[in-house]
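**Student:** Now for the letters of each chain:
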Amino acid sequence: MKLPARIAAPVTALALAGLTATGCAPQTSDTGARTDDKSGTLRVWLFQEVNNKPKEQVVEEAVASFRAEHKEADVKVEYIPVDTRAQRIKAAFNDPGSAPDLIEYGNTDTAGYVKDGGLADITEEFGAWAEAKDADPTARESVTVDGKVYGAPFFVGVRALYYRTDVFEELGIRPPKTQAELVSTAKKVRKARPGLYGLAVGGAYTYGAMPFLWANGGELATESGGTYKAAVNSPQALEGIEAYTSLFGDDNCPAAKCASMGGNATVTAFASGKAAMAIGGDFSHAAVEAGKVKGRYAVVPLPGVTAGSIAPAFAGGNNIGVLKSSSHRTLAVDLMKSLAGKETQGKLFDAMGFLPTYTDVRARAATKEPFVKPFIDTLAAETKFVPASPGWGQIDASLVLPTMFQEIVSGKKDAATAADDAAKKMDAAFASAG
Amino acid sequence: MKRTASGPQTPEPAADRAGAEPASSSASCPDPSASDPEGGGSATARVPAPRPGAGLDAGTETGRAAGRKPPRRPGAHGGRTPWIYLAPALVVLGGLLVYPIYQLGLISFLEYTQAQVSGGEPTSFQGFANYTALFSDGQFWQVLLATVVFAATCVLATLAVGCALAVLLTRVRALPRLALMLAALGAWATPAVTGSTVWVFLFDPDFGPVNKVLGLGDFSWTYGRYSAFALVLFEVVWCSFPFVMVTVYAGIRAIPSEVLEAASLDGASQWRTWRSVTAPMLRPILVVVTIQSVIWDFKVFTQIYVMTNGGGIAGQNLVLNVYAYQKAFASSQYGLGSAIGVVMLLILLAVTLVYLRLLRRQGEEL
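Respectively, the protein sequence lines represent chains W and X. At position 84 of the first sequence the residue is numbered 84 (UniProt numbering), and the sequence of numbers has no breaks. At position 312 of the second sequence the residue is numbered 312 (UniProt numbering), and the sequence of numbers has no breaks.
It is worth saying that the hints were derived from the structure and are not from the lab. We treat Cβ as the ideally placed atom computed from N, Cα and C, and that holds for glycine. Where hints are given, some of them may not hold.
Which residues of chain X face chain W? A few of them, derived with a C-beta cut under 10 Å, are [as the list claims (entries may be wrong)]:
#1 Thr113
#2 Ala115
#3 Val117
#4 Asn211
#5 Ile313
Please model the entire structure based on the sequences and the hints provided.
**Tutor:** Right, dumping it as structure tokens:
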């Protein structure tokens, strides 16, 4: 009977150590750079896309044009897997010694990374950069925190309504013009074709649900004097939440299956022919093309509340930022300009279909590739962005909004209570993130 | 304790202090035992020298009694010799167990998020703020309750299935025994993520064979709270019963056959034999597998994370470990996550101690 003693010993040791050790603190790294070398190797981390070759080619060209002007600098580009980017980038912040100089990052992470002390403030350089004048306002907002700029927009991603042309034709219906019509069309299709979801929706598909909220005049949060306050429980937002959650049910998308779906699952359902409509992004194009429904679908902007209006969409996308720890700041900013410049973005659209962040480049893209027109129309109408608070990362990671939608569609709470609870959690996150 | 990021200090590599820490704790440890050479010495002096007249049994009895009576002091001979022999083990234990637990405890008292780790903001001492935040979070208590009930059910189910199959193994012929062993080892060897994914597929409402066989139509197992927990329970039992089965089987094999024979001569039923003969003789083994199962099942992560998609609809299937992961890593609140870890550690220690105490009261030596 020795076990308690064996357990007690480390516990006592722990208590003793805790009492005696006052000089030790857990690791904190210093991400501030001390030098600004004008030569040497620049390291770049970009995301590894599903089909990465064309991206690599475009990036190589951009790097070559940078090298032509900066002969003394070398550039090493690494492609990191999207799944593990959060860990990789956190690790880079923790260990400046092995961190790259430039990173590509998801634009919803901007505020969080800034708070982490990871990104360099490049307001001055961005302001003096001629091409940046044409960056669209939402893209600009996605690199801005508290009025300072922390990177250059790389591309934008936006969602619209995919629908099955063959099903619509057979049933003699047309793409919906208003949000109410969208709901009724979805239910009409489901009634006529019980094997299909009318509109594939997901309880965990936050960015598919947001347009409903915004179209009704709701907001995720409102800002005043630099602090955010949750607004998901406002009457307008509630209207949107109710419109979205009304789509979960046996008359469209049964809650038992759809409550747990995220964005990818809804697009997969559409691509495999199990749904008549879905909210998908321009970046979902390849997945849908590879599915069963190839050649039998079209895309229109997601309708707003009034006829002919477009519901405000979430402007997703990626940015390129300079790390605060970079010891080649000037060179890194120049390389960033080359990678996120108009020429590269134009080529990147041709190669990968990523929508450019410059309004003029985007307009040119639309004339080349008619498929992107509904997405560009959506961008032109109105786009919204998540609150530029470091608290957003926490809200996103702790699944506050998916939980809210799931509580409503599974009947655990009514919309008002669930929204109030979500607002409380959001406020706590905004407060703790400062 | 306060450390700001403004000064150009170098990040302290964990290994540096990992080496220093156990050294100091092992240096402070010998003192109490060394200060008491008399009592320990006289007690153990008796052990190796049983009185000539006494039989073997009596000798071990006195030895045990003598060893137990004075509080256990390892430094019996007053010298450093035992500590020199123990030093390698202590260094390893200190480095791998005490130091991480110490860091866990320390971080749980700090405001320590990604911003502090990467130097965006200074680290500050928060006292019990993380614990207060945790205990005032209603969700934590719900999750804790769900975890305790779920883990208890898993332990009971695993032990029942494992023991039943172990007994079955002793009753069947070589070929079916081999088949059962292989099946169990296959389940044991399957990585948790793979096992979970396969189980989710088997129970998939659209494509899963289970619903087809049972005629459940498109019933979604992961939608309801209890059906989702039940599904995870099946998987947990499936992947952890082989350990119980193999260990208990080995234990049964080690029971002298005369005892079992005597029981059957006395006309004991199967159940009676298990309850009155096999189980008591297997007690040390059962203790080990129970504690193991409690610890495993309390810490279930992969199965819940994979099968219920990170905690189920609206977090209804969260268990403590997944909850801690969400807090600590997904939202980078390492301080709060550490507080959850400390609470979990204390709960597991308490459960284990209470369990051992209960057993001891029943007069059983380990």
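**Student:** Determine for every hint whether it applies to the structure shown.
**Tutor:** Quick rundown of the hints versus the structure:
no.	hint	result
1	Thr113	holds, 8 Å
2	Ala115	holds, 5 Å
3	Val117	holds, 5 Å
4	Asn211	violated, 12 Å
5	Ile313	holds, 5 Å
Against the hints set out earlier in the document, a violation occurs for number 4 only.
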